[in-house]
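Please model the complete structure; the sequences and the hints are all you need to start from.
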Amino acid sequence: MSTGVLPARAAARHARPRLHPLRGAVPTAVLLLGAVYCLFPVTWVLIAATKTPGELFSTATLAIGSGLWSNIADLLAYRDGVFLLWLGNTVLYAGVGATLSAAVSALAGYALAKYRFPGRNLVFNLLIGGILVPAVVLAIPQYLLLSKAGLADTYWSVLLPQILSPYGIYLARIYAAAAVPDALVEAARIDGAGHGQIFFRVALPLMTPGLVTVFLFQFTAIWNNFLLPFIMLGDDRAFPLTVGLYTLLAAGANQPSLYNLILTGAMLSIIPLVALFLTMQRYWRTDLSRGAVKS
Amino acid sequence: MRTRRFSALAAALLTVVLAAGCSGSGSGSPENATGTAPAQSGPVKLTYWTWVPNMDKIVQKWNAANPDIQVTVSKQAGGDDAAAKFLTAAKAGNPPDLIQAEYQHLPSFVAAEAVADIAAQANQVRSEFSEGLWNLVTLGTDGVYGIPQDSGPMMLFYRADLFDKYGIEVPKTWDEYAEAARTVRKKDPKVYLGTFSSKDPGSFAGLAQQAGAQWWSISGDAWKVTVNDAATLKVAGYWGDLVREGVIDDMPYFTPEWNKALNDGTLLTWPSAVWAPGVLEANAPKAKGKWAVAPLPQWTAGENVSGFWGGSSTAVAAASPHKEQAVRFATWLNTDPEALELLVKEGAIYPAATKGQSVLTEAPGYFAQQKDFWQLANQVAATARGFTFGPNVNVTYDAFKNAFDKAVEAKSSFADAVNAMQEATVADMKKSGFQLAQ
Amino acid sequence: MTGTKRSGARVARAGAAPYLFLAPAVVLFVLFMALPIGYTIYLSLRRTQVSGLGLGRGSRREVFAGLDNYAAAIGDAELWLGWLRVLGYGALVLTVMLGLALIFALMLDTAHVRLARFSRIAIFLPYAVPGVAATLLWGFLYLPSLSPFQGLLELFDGEANLLGAGTVVYSMANVAVWGGVGFNMLVLYTTLRAVPREYYEAARIDGATELQIALRVKIPLLTPAIILTTVFSLIATVQVFTEPTALRPLTNTIGSTWSPLMKVYRDAFVAGDLYSAAATAIVIAGIALVLSFGFLRIVKNRAFGEG
Chain G
16 MSTGVLPARA AARHARPRLH PLRGAVPTAV LLLGAVYCLF PVTWVLIAAT
66 KTPGELFSTA TLAIGSGLWS NIADLLAYRD GVFLLWLGNT VLYAGVGATL
116 SAAVSALAGY ALAKYRFPGR NLVFNLLIGG ILVPAVVLAI PQYLLLSKAG
166 LADTYWSVLL PQILSPYGIY LARIYAAAAV PDALVEAARI DGAGHGQIFF
216 RVALPLMTPG LVTVFLFQFT AIWNNFLLPF IMLGDDRAFP LTVGLYTLLA
266 AGANQPSLYN LILTGAMLSI IPLVALFLTM QRYWRTDLSR GAVKS
Chain U
394 MRTRRFSALA AALLTVVLAA GCSGSGSGSP ENATGTAPAQ SGPVKLTYWT
444 WVPNMDKIVQ KWNAANPDIQ VTVSKQAGGD DAAAKFLTAA KAGNPPDLIQ
494 AEYQHLPSFV AAEAVADIAA QANQVRSEFS EGLWNLVTLG TDGVYGIPQD
544 SGPMMLFYRA DLFDKYGIEV PKTWDEYAEA ARTVRKKDPK VYLGTFSSKD
594 PGSFAGLAQQ AGAQWWSISG DAWKVTVNDA ATLKVAGYWG DLVREGVIDD
644 MPYFTPEWNK ALNDGTLLTW PSAVWAPGVL EANAPKAKGK WAVAPLPQWT
694 AGENVSGFWG GSSTAVAAAS PHKEQAVRFA TWLNTDPEAL ELLVKEGAIY
744 PAATKGQSVL TEAPGYFAQQ KDFWQLANQV AATARGFTFG PNVNVTYDAF
794 KNAFDKAVEA KSSFADAVNA MQEATVADMK KSGFQLAQ
Chain R
1164 MTGTKRSGAR VARAGAAPYL FLAPAVVLFV LFMALPIGYT IYLSLRRTQV
1214 SGLGLGRGSR REVFAGLDNY AAAIGDAELW LGWLRVLGYG ALVLTVMLGL
1264 ALIFALMLDT AHVRLARFSR IAIFLPYAVP GVAATLLWGF LYLPSLSPFQ
1314 GLLELFDGEA NLLGAGTVVY SMANVAVWGG VGFNMLVLYT TLRAVPREYY
1364 EAARIDGATE LQIALRVKIP LLTPAIILTT VFSLIATVQV FTEPTALRPL
1414 TNTIGSTWSP LMKVYRDAFV AGDLYSAAAT AIVIAGIALV LSFGFLRIVK
1464 NRAFGEG
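Residue numbers (my numbering), protein chains in the order written: chain G, 16 to 310; chain U, 394 to 831; chain R, 1164 to 1470.
Treat the hints as calculated values from the structure; they're not laboratory data. Glycine is no exception: its CB is placed at the ideal position from the N, C-alpha and C atoms.
Okay, the calculated beta carbon distance ranges per label pair: (1) U:K738 <-> R:F1319: 48 to 58 Å; (2) G:A88 <-> U:P436: 34 to 44 Å; (3) G:Y170 <-> U:T659: 42 to 52 Å; (4) G:L61 <-> U:N459: 38 to 48 Å; (5) G:A78 <-> R:T1330: 23 to 33 Å; (6) R:G1215 <-> U:K738: 36 to 46 Å.
Some, not all, of what chain R presents toward chain G, calculated at C-beta under 8 Å: (7) A1180; (8) S1282; (9) V1292; (10) W1341; (11) G1345; (12) I1398; (13) Y1428; (14) L1437.
So this is what it looks like as structure tokens:
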């Protein structure tokens, strides 16, 4: 995977013979079928969010309703605009959590990729082993322990447990190994730079695109997490969107579920993520196994 | 040198962690346990977990009038989730001061020592409630574990317009209901008179109460569990036969599909509780004015009894440092005329306090044509009978869902499902060590 | 992995630096993973002991239970039935999801594909939808009276019900496939993009078709990535919880102990028995560990060609 292949690759592209115009029709058709399959339910949410409560269960599933604006207005007016508060909380949890997660992953990934030291494999395996433990299992003891530290039912209780991302560390290690040449590190060292300086001035800029990916994955994971904040938080003003919308769904045995508000809320809560997907397209890369491919 | 410094750092960290891990054990400190507020300046602050709509507005009234006791509402997901969350919070040592506790969850809260015995203060308002409701918050003991807030006496809700269309009389007995179910199927095979929900143990418990069931009782120092008593088996057998015969649907309540059936007129009745108008209005707004209400069909002609589905109380957490103030608020909320009026108008609940029922004069908008809605409801409420709930209702209710799901799916015996509930309940109580009477 | 080999020379000079870099991650690991896991193990060795009615003060005590909870978890027939159900479901999800992801990735990487950017983003989009929301969404689409597919299905079978006893597992698997296919596709696709093009040119010059190149060149190159995505998906499948839990209110065919993790949730939150739940949770994590390491062991020599 040396840089030498690039001219060869470019040349190969030019040399490719022009073929029949229908060539590529099969893959294009297969991919479009896949796209339709993946977009269909999302389209349905968009449509359902336009329906008034009366229309939701009485008009054809794919018929557009007349209540989009009234649904949004109802949702924004619900309990003095608590929806916007939930949205703000979610942005805070996901934004701060994912930033810290990317930072912690960058430090750990760099150390694991660029240093050899006693205990390296043990630390790596332990950190990665974290994905074996289901979140449902961790949430309760985390809650009991954070309660003892007096942090339950605070913003911290949702932020702190979501900073460590085994997956993020795994990715950061691969990015550091692939993007930071040893020679560059060595050169900086010869120039007299300290470990910290090398990391911040040399490694970090090179790792940034990969870290954006780590950030994006963790942002999505925190944005969509339900169980942890559900268990941690009692104060409804600290809820993220997932838990807030759930209080509309499980409104109590003798209260109706506010389906039209839930669907509108679900639609609105997906929009920021979709925007993030579209604008940051080039960062959604996950060459998980790059380090494992033998070159 | 460096390694030494590192291990010192690690040791320091470990100390911090361990200290954090241990400091919590003192959370049940003596002054908390006795319920007297520690000396402090400024108003007492109480947190209140509830899912009653617009509770914020009701609490605003209290806060304005009581500057020294300020209550903050935190709206939660309702039902079983709220109960599980409260128990976890109580175990962790940081529950809210006040909690909306459904009657069936109260015994498990008491068993977990999560709610306080407030008998000393609460007995003063005993006369505000009917004997049956008060028993639900005392569990038949000398203690009082909550102030009743709302109740759900059961009635039969039906589509008056479609009853006319199919030429059906309002059934007075369950036999007549079964006949009507068959008639409807003959007239229009797309339409069902009713549905049996395997997801709503509360509804089944209410129907069993009407038939005279007693699932739990206390004899001396032991629990007696009789979920599969004769009355319950009768109710289960009745619905099981109708479902197997195919004249009653088996679609669960509160699903999108059920909403649709309410809207398009393919479901004609709903044996439900007094809070049903709110649910119907939200889910089937177009059928407004078409639904009517009657007493539940009876097991014996001429009888006049009902059961309860739902209903909750306001309980005070055992760990609250301000129990006295919390009880004062809970008492105000559930017995003060002004609060009751707000609960009815803003919270859309059917108040437990007897005098609260006089606030209910104008029929709910959805039932505007039925002028006697509340008179009827109050009559039914007076004839509804409940039963003592046991300390592990959650297990019983979970067993109900699993067993009845299977019975409905396989069209197998509903009596077996009831027996499975009994077995699961007893096994769970034995495992924990509860004393059981034979 | 690559890039670390020559760093060995620096050991002597590295000193505390790597440990300091790792410190935040290790501290977080200790606080939010190791301690909670340790606490779970502690809880799994205990149980509550109630005396009498269990209503008075002090009538409920926490006592040491030894390995009783583990014995109960391992001896619980319902838990093993749960494993069997998850096994069938997992086989379905893993093959379909990874199969589709592989096909999509290979298609994206072919020479003359059109609208690839649009398709790639569209297929990845479900990743933005939280699991609970995705399940509710599909749930609406499955319900016979609301489903836009129902008319179509009834052409084949008048009694068709996507939430019936025989079909619900496929409906559930579909939700997982829908949510996960895009992510796995992206992993495989990025790996493919990193492969130098001359790998394929040689094959092309030898007259191989695109299909042959895909089968004989690309898939072998992708094998390590496929193994990793399989391990990640395997772990996620062992922990299946969201889909059955969110679909359960809509159908009579999913019990509260359908999957092992649902049983943990049921024991902890519904039955209020944290102790049994803790023991079952440890058993689940253990099985996930054995499965993923077992799988890695089987494929390791072949795929990585190293010890």
